[in-house]
Amino acid sequence: MTHAPGAAGAIADEFFDRPEVRVINLIGGVKTARMLAERAGRTLKRTVLELGGFNPMIILDDVDMEYAVRTATFVRFFTRARFV
Numbered sequence: 003m004t005h006a007p008g009a010a011g012a013i014a015d016e017f018f019d020r021p022e023v024r025v026i027n028l029i030g031g032v033k034t035a036r037m038l039a040e041r042a043g044r045t046l047k048r049t050v051l052e053l054g055g056f057n058p059m060i061i062l063d064d065v066d067m068e069y070a071v072r073t074a075t076f077v078r079f080f081t082r083a084r085f086v
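Remember, this note's numbering sits 2 above the position in the sequence shown when you count from 1.
Keep in mind that the hints were calculated from the coordinates and are not lab data.
Only true hints are included.
Pair ranges (Cβ atoms, derived): (1) 12 to 63: 19 to 25 Å; (2) 12 to 43: 18 to 24 Å; (3) 9 to 72: 14 to 20 Å; (4) 39 to 66: 30 to 36 Å; (5) 9 to 63: 19 to 25 Å; (6) 53 to 9: 14 to 20 Å; (7) 43 to 70: 27 to 33 Å; (8) 22 to 76: 28 to 34 Å; (9) 61 to 11: 21 to 27 Å; (10) 52 to 8: 17 to 23 Å; (11) 22 to 52: 18 to 24 Å; (12) 50 to 12: 17 to 23 Å.
Predicted model, so just to flag it, every value in this text is computed and none were measured.
Cβ atoms here follow ideal geometry from the backbone N, Cα and C, with glycine treated the same way.
The whole structure should be built from the sequences, with the hints applied where relevant.
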């Protein structure tokens with residue numbers, strides 16, 4: 003799930019508070035990974051942190067598919083140019 007800068011905390015609150023979410027898997031940046039690791043420690047929720055930047059997305063039923071595709075494409079090329 004992509005997010006705006008600084009918005010990871012609110013999104014993480016939703017995932018960590020829900021018993022339906024059994025594992026948090028992050029492929030992303032160090033700043034977000036630290037925040038998720040702290041929350042995982044408090045809740046003992048399983049967490050996988052891979053800091054390679056390959057940008058998977060969760061697509062929900064009510065998605066604007068055109069926007070999701072544009073966002074995924076942008077993020078993929080932005081990340082590739084930055085980290086390779």
